[in-house]
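Colleague: Listed below, chain by chain, are the residues.
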Amino acid sequence: VFGFFRNLTGNKDLTRSDLEPVMAKMKDHLMGKNVAADIAEKCCESVCVSLIGKRNATFTTVRSTVTKAMEEALVRVLTPKRSFDILGDVMASKTKGRPYTIVFMGVNGVGKSTSLSKVCFWLQQNGMKVMIAACDTFRSGAVEQLRVHAKCLGVELFAQGYDKDASRVAGLAVTAGADRGVDVVLVDTAGRMQNNEPLMRSLVKLVTENNPDLILFVGEALVGNDGVDQLQEFNNSLLKYQHDKAQPRTIDGIFLTKFDTIDDKVGAALSMVYTTGQPILFVGVGQTYTDLRRLNVSSVVRALLK
Amino acid sequence: MVLADLGRSISGALRKMQSETVIDDEVVNDMLKAICTALLQSDVNIKIVQQIRNNIKTKINLSEQAAGINRRKLIQQTVFQELVNMVDPGLKPFTPKRGRPNVIMYVGLQGSGKTTTCTKYAHFYQRKGWKTCLVCADTFRAGAFDQLKQNATKAKIPFYGSYTEADPVQIAQEGVEQFKEKGYEIIIVDTSGKHKQEKALFDEMKQIERVVQPDDVIFVLDASIGQAAFDQAKAFKDAVGVGSVVITKLDGHAKGGGALSAVAATEAPICFIGTGEHFEDFEAFDAKSFVSRLLGMGDLSGLVNT
Ligand SMILES: Nc1nc2c(ncn2[C@@H]2O[C@H](COP(=O)(O)OP(=O)(O)OP(=O)(O)O)[C@@H](O)[C@H]2O)c(=O)[nH]1
Ligand SMILES: Nc1nc2c(ncn2[C@@H]2O[C@H](COP(=O)(O)OP(=O)(O)OP(=O)(O)O)[C@@H](O)[C@H]2O)c(=O)[nH]1
Ligand SMILES: [Mg+2]
Ligand SMILES: [Mg+2]
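So the sequences go chain by chain: A and B.
Residues in the first sequence are numbered from 199 upward in steps of one, following the working numbering.
Residues in the second sequence are numbered from 7 upward in steps of one, following the working numbering.
I should point out that these hints are in silico values taken from the structure, not numbers from a laboratory.
Treat each hint with caution, since some may be false.
Stated by the list, open to error - Here are the computed lysine-lysine pairs in the DSS-like style, where the Cα-Cα straight-line distance is at most 25 Å: (1) B:Lys188 <-> B:Lys103; (2) A:Lys225 <-> B:Lys294; (3) B:Lys155 <-> A:Lys349; (4) A:Lys266 <-> A:Lys210; (5) A:Lys223 <-> B:Lys160; (6) A:Lys210 <-> A:Lys225; (7) A:Lys362 <-> B:Lys202; (8) B:Lys205 <-> B:Lys186; (9) B:Lys155 <-> A:Lys504; (10) B:Lys160 <-> B:Lys137; (11) B:Lys188 <-> B:Lys202; (12) A:Lys223 <-> A:Lys240; (13) B:Lys39 <-> B:Lys63; (14) B:Lys65 <-> B:Lys53; (15) A:Lys504 <-> B:Lys240; (16) B:Lys162 <-> A:Lys362; (17) B:Lys63 <-> A:Lys225; (18) A:Lys223 <-> B:Lys63.
Stated by the list, open to error - Stretch-level coverage of chain B by chain A, calculated; a stretch enters the list once three of its residues show a Cβ under 8 Å from a Cβ in chain A: (19) 43 to 49; (20) 78 to 92; (21) 130 to 141; (22) 233 to 247.
Remember, predicted model here, so these are calculated numbers, not experimental data.
From the three backbone atoms N, C-alpha and C, an ideal C-beta is built for every residue, glycine too.
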């Protein structure tokens, strides 16, 4: 008989000890959905704190109270703090007579070049004239990969081959783009590990020297706890190696790729947004140009709590 | 190596237990909690972590009856054994035989590092005097053939592929046949990235396996992968005869627990690890000495009954 009433604490102020067992289960649940351990911990702790001392409605189980509070908290985290209007910004840049530039950065193999080609297609659909800049001058086949995309999409590729200074190639591409009257220059960069200092320095050099309009961090939905570290370290490097700038540029938004490969283990979306507070501007859901989506916050939250 | 972070946390937890005078339930629970947290922060599959926790608990409880057994030693041994079980399925990875063709097929998720690893593998054996070659059976990814071609050319390894033929199955068959006739000993077949959610890609992989009749199928996994690792790895194992695993990108910060969980899913041993983008960044892997090093206990193989 008592077992039946175990989780019912109607008409009583919630205490930490009421909440803790439920929070522990919630934390495990979130980690099972691929939320990074630290982020799951932080989300649970803040929901826990927000509920201590609250009166639990009669016959409401602690569990459903926690789930509801967690749902609200997750929606709050995932909902962008400010609105983004890339197309509007492109138009504004156009009136100033210079191409809008977007830099794609991230660790190896996450889908930077493919995502760049998807964004190219989307911009073209919206009437923009685009140029692709092949600034991965390191990885074998990187230039040819973009050449195939440029050809399929019918846009110009700006390339200088391999072993060139990526920042210089980007600069030349923007100048060439302005000459040709393009609206947007999409800058591909080589993948690199977030802890590889020389490579991170050269990436920041590209940012400093070219001052792009939008810095997109590309991360894959498959990533586990390392996703948090990747974002932090890319952002930290940007801050650290632009120390002489009054307003250093940091990551403006996230491109979350391979969302089609994870079923309902959507936790990386939460980990990434929580880490920098920057929004997920695009989601990649496949390997073709049309596999580009906006993040659907409510369906991500539903998948996380299911 | 970064996987060592996991080892450090676990041996830390074990050491803390050493300093306690009485090993009561509280000490055991604290230690288990610390170990499970370390495993989860390293992306080990949550179900495996729960299993490990239960296995350790059961063994420890059983020992309560058996008098005279050193509890501390038993716990240490059990933790070690559980880790070995996870990383080492008890099978030796395939090793190529001299003087006959050994066909090795590479499979894995998109961007995991297959194409790069194919060249590393070819280079590894070539340096030891084997006749190695590469076949590019990826006609899907833009620039895939150029990538393999440039890598192979740099490493001076013969390669086969096509810019015009769209059917990867045919290329795989022709390439392997041609190299067999020429007396090559290690024939490596690179395939395009795949995920379990897309059946057509898996069907293609099975067809390639059927025509090339590989002596080993190597599953390549990125060290940063999170909770999706187990299910994906299992699906690859169920589709083709995965015989070995390569973990790539261990030069980053990722602790590699997702990849270790994949070993549990495929029941295939890790044969090599990738530690960078260059051909030389490649090491043979031995599970047992790995776990010993991981726990900083020196050679403990005597402790383990296999
Ligand atoms: N399933 C799926 N695959 C994707 C997605 N985005 C990219 N890919 C695949 O991921 C692989 C790597 O993509 P790339 O665009 O080459 O990745 P990258 O980050 O540019 O790689 P590097 O330049 O080598 O660091 C390719 O096989 C892509 O087709 C996605 O949203 N879903
Ligand atoms: N840092 C680092 N990068 C690696 C390692 N192995 C591969 N890479 C990089 O990871 C990226 C993807 O590698 P690929 O070999 O193209 O991966 P793939 O599995 O063939 O990709 P798809 O064919 O598109 O599925 C490239 O930028 C490689 O240079 C490694 O061990 N360390
Ligand atoms: Mg790329
Ligand atoms: Mg490849």
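Colleague: Now look at each hint and say whether the structure bears it out.
Modeller: Each hint tested on the structure:
1. B:Lys188 <-> B:Lys103: 17 Å, holds
2. A:Lys225 <-> B:Lys294: 32 Å, violated
3. B:Lys155 <-> A:Lys349: 20 Å, holds
4. A:Lys266 <-> A:Lys210: 18 Å, holds
5. A:Lys223 <-> B:Lys160: 52 Å, violated
6. A:Lys210 <-> A:Lys225: Distance of about 24 Å is within 25 Å: holds.
7. A:Lys362 <-> B:Lys202: This hinted pair is violated, its Cα atoms lying about 38 Å apart.
8. B:Lys205 <-> B:Lys186: 30 Å, violated
9. B:Lys155 <-> A:Lys504: Violated, because 46 Å separates the two Cα atoms, which is more than 25 Å.
10. B:Lys160 <-> B:Lys137: OK: Lys160 (chain B) and Lys137 (chain B) at ~16 Å, within 25 Å.
11. B:Lys188 <-> B:Lys202: Distance ~36 Å between Lys188 (chain B) and Lys202 (chain B) Cα, so the pair is violated.
12. A:Lys223 <-> A:Lys240: 14 Å, holds
13. B:Lys39 <-> B:Lys63: This hinted pair holds, its Cα atoms lying about 11 Å apart.
14. B:Lys65 <-> B:Lys53: 18 Å, holds
15. A:Lys504 <-> B:Lys240: 23 Å, holds
16. B:Lys162 <-> A:Lys362: Given pair Lys162 (chain B), Lys362 (chain A) holds - Cα atoms ~23 Å apart, limit 25 Å.
17. B:Lys63 <-> A:Lys225: This hinted pair holds, its Cα atoms lying about 21 Å apart.
18. A:Lys223 <-> B:Lys63: 19 Å, holds
19. 43 to 49: holds (count 5)
20. 78 to 92: Three-residue rule not met by the region 78 to 92 of chain B, so violated; n is 0.
21. 130 to 141: Contact hint for the region 130 to 141 of chain B vs chain A: violated, 0 residues under 8 Å.
22. 233 to 247: That given contact holds, which follows from 5 residues of the region 233 to 247 of chain B lying within Cβ reach (below 8 Å) of chain A.
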